[in-house]
Amino acid sequence: MIVLRDRIVYLIAVLITIVLGLSSRAFSDLLPVFVTRHFGDGLWASMIYYGFRFLMVDKKLSLAFGMSILFCFAIECSQLYQAEWINGIRSTLLGSLVLGRGFLIVDLIRYTVGIILSFLIDKYGYKRIV
Numbered sequence: 001m002i003v004l005r006d007r008i009v010y011l012i013a014v015l016i017t018i019v020l021g022l023s024s025r026a027f028s029d030l031l032p033v034f035v036t037r038h039f040g041d042g043l044w045a046s047m048i049y050y051g052f053r054f055l056m057v058d059k060k061l062s063l064a065f066g067m068s069i070l071f072c073f074a075i076e077c078s079q080l081y082q083a084e085w086i087n088g089i090r091s092t093l094l095g096s097l098v099l100g101r102g103f104l105i106v107d108l109i110r111y112t113v114g115i116i117l118s119f120l121i122d123k124y125g126y127k128r129i130v
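Residue 1 in the UniProt record's numbering sits at position 1 of the sequence shown, with consecutive numbering throughout.
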């Protein structure tokens, strides 16, 4: 039963992170420039981390950390590939949210920060939350 409870908590974390990420885009004119430039990518990476935790609640936190970094970096590096078919997918709203549009080194930093913060919240705050 603990696994089910943990999965529910991580699913809620994923959903909250999605809402925060979409809100950072929707309300960008009301937020500080720093927030609108950087938080979306960090929140996307946080969502990936919580998604891996949802799938692997019985595994070590470090595994979700590593898998999240690899996944986010792979998606970012895939943006170096610019074939017409994948750019067609990227031109849609969902495609751009999932695959991104162009490779930026700064995105790797944003992803890393988002995953580290999520990992630390998970490691030191999870027991207090649940």
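Keep in mind that a hint or two might mislead.
Distance condition first, Cα-Cα at most 25 angstroms in a straight line; then the derived DSS-like pairs of lysine-lysine [what the hints assert, rightly or not]:
no. : residue 1 : residue 2
1   : Lys60     : Lys127
2   : Lys123    : Lys60
3   : Lys59     : Lys127
Think of the hints as simulated: they come from the structure by calculation, not from any bench.
Structure-based check of each hint:
Restraint check: the Cα-Cα separation between lysine 60 and lysine 127 comes to about 15 angstroms, which is no more than 25 angstroms; the hinted pair holds. For a cut-off of 25 angstroms, the pair hint linking lysine 123 to lysine 60 stands: about 10 angstroms separates their Cα positions. Taking the CA atoms of lysine 59 and lysine 127, the gap is near 16 angstroms; set against the 25 angstroms cutoff, the hint holds.
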